[in-house]
Amino acid sequence: MSIRERMSGNEAVSYAIKQVNPDVMPAFPITPSTEIPQMVSTYISNGEIDTEFIPVESEHSSMSATIGASAAGARALTATSSCGLAFMWETLYIAASDRLPIVLCLVNRALTGPININCDHSDSMGARDSGWMQIYAETNQEAYDNFIMSYRITEHKDVMLPLMTCMDGFITSHAVENIELLETEEVRKFVGEYNPENYLLNAEMPMAVGPYANSPFYMETKMNQRIAMQNAKKVILDVAAEFEKISGRKYGLFEEYYLDDAEYAVVMIGSAAGTTKDAIDNLRSQGIKAGLLKIRVFRPFPDTEIAAALKGKKVVAILDRCEGNSATGGPLGAEVKAALYDSGANTVAVNYIYGIGGRDYTVEDAENLFNELIDIGNGKKQPEQFKYIGLRK
Amino acid sequence: MAERTDISKINEHSPYCDITPGNQIYGGGGSKEFNTGEWRTQTPVLDWSKCVQCLMCAPVCPDSSIPVKDGKRLDFDYDHCKGCGICAKVCSFKAISMKEGI
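These protein sequence lines map, in sequence, to chains A and B. Everything in the first sequence is counted per our numbering, starting at 2 for the first residue and increasing by one. Everything in the second sequence is counted per our numbering, starting at 18 for the first residue and increasing by one.
Careful, some of the hints might be misleading.
[Claimed, not checked] Capping the alpha-carbon separation at 27 Å, the derived lysine-lysine pairs in DSSO-like fashion look like this: (1) B:Lys-89 with A:Lys-158; (2) A:Lys-223 with B:Lys-26; (3) B:Lys-99 with B:Lys-89.
Think of the hints as simulated: they come from the structure by calculation, not from any bench.
Construct all of the structure, not just a fragment, from the sequences and the given hints.
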């Protein structure tokens with residue numbers, strides 16, 4: 002039986018944490034993710050869960066303590082945003098190469114500088130090569146569901162990699178929406194007890210975690226990490242199929258919205274996909290074949306699946322909520338274009354940058370974008386790469 | 018639970034599939050099998066005629082390479098001594114000298 006509620010994204014994720022009742026949560030507060038450790042520590046002090054909360058002095062320490070707890074055999078997690086994630090940088094790579102099934106609740110916020118507290122994806126996009134899986138939510142419901150599925154993915158023996166569950170700062174984290182919650186008993190049955198095969202506190206079989214691996218071993222270690230990341234695609238889909246049975250909600254590597262017969266498609270991540278869907282509804286009512294591919298799983302990157310879904314489209318716009326600082330666009334643009342190129346597609350693909358530092362992206366912006374794609378498709382306009390949507394000129 | 022890792026079977030010729038996830042080593046005491054003595058550029062040598070068995074040297078060795086048995090130090094464990102020279106520095110009787118090379 003599902004429970005109808007209304008919650009912010011931070012409340013929804015905190016509630017999911019309470020339902021899962023993990024073993025250890027070290028955390029350091031940073032806007033806009035502060036509410037997550039705040040709410041979890043309230044659950045703990047009220048005696049509702051028995052998670053061990055560790056208040057630490059920085060994010061470098063929160064990830065280090067999470068790694069220590071996970072290596073010791075605990076189901077561990079933390080939460081952060083923006084510069085907090087940046088301060089974890091060194092330890093993010095260690096969590097991944099040590100193959101620890103940690104979950105990090107990331108509330109996306111622009112990286113400083115200039116200093117800014119609002120949403121964009123520069124924090125998680127900066128960590129895209131750290132060896133972590135990344136799953137993004139559009140809504141509070143997805144943020145809740147993604148957390149509940151997370152340990153089933155990270156702790157799977159074919160994966161054993163850490164996972165970032167990402168949601169848009171303030172937009173998703175603070176806005177209150179309707180949500181359907183699962184019964185706690187059902188969540189615990191779905192997630193299951195964590196019984197690690199090997200762990201530091203096992204006196205029967207002591208072990209070393211994270212030993213030195215110089216040139217004769219580093220490459221082989223990375224290959225094993227790559228295989229785990231490739232395995233994650235199937236595991237994510239298998240867990241989603243099981244989750245659908247208890248929730249009725251269906252998840253894939255990405256969501257397609259009117260994409261099948263679309264001539265003009267937008268590829269994007271996160272909450273602004275909802276805005277684009279509204280624009281698509283308006284355009285479809287005018288007979289325009291507009292569609293959306295909303296990335297849910299960014300790591301592992303579903304390259305062949307995306308290329309197949311975009312096959313035959315006239316013009317595709319790839320929207321990055323992140324300035325890649327490469328002078329040639331954003332990370333999503335580069336990866337989707339590479340996927341299209343490798344598939345042999347000759348689709349016109351245009352990379353745009355939107356919403357950085359929390360800049361609004363409106364239904365009108367999305368409609369104008371589709372109209373521009375139509376002009377490009379008709380040859381009335383040349384594609385302009387890496388254009389900012391909403392830049393004052 | 019994994020079996021004890023046989024370190025002798027993980028070497029510079031091992032294919033990636035033979036390397037444990039995250040390079041984890043199962044079973045304690047594996048460092049004994051790792052010959053750090055070959056890192057040495059200087060080697061401590063004990064002049065037994067000067068040694069009074071004061072045992073100042075043994076506890077300061079960072080690599081536990083001065084074994085002690087029945088209250089008396091034995092010769093260096095050259096398989097693991099990295100040649101740092103702390104023992105020579107701490108010896109009040111100048112019984113330990115550092116020789117160039119292994």
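Going down the list of hints, with the structure as the test:
no. : hint                    : in the structure
1   : B:Lys-89 with A:Lys-158 : violated, 50 Å
2   : A:Lys-223 with B:Lys-26 : holds, 19 Å
3   : B:Lys-99 with B:Lys-89  : holds, 22 Å
This entry does not satisfy hint 1, going by the numbered hints stated previously; all others are met.
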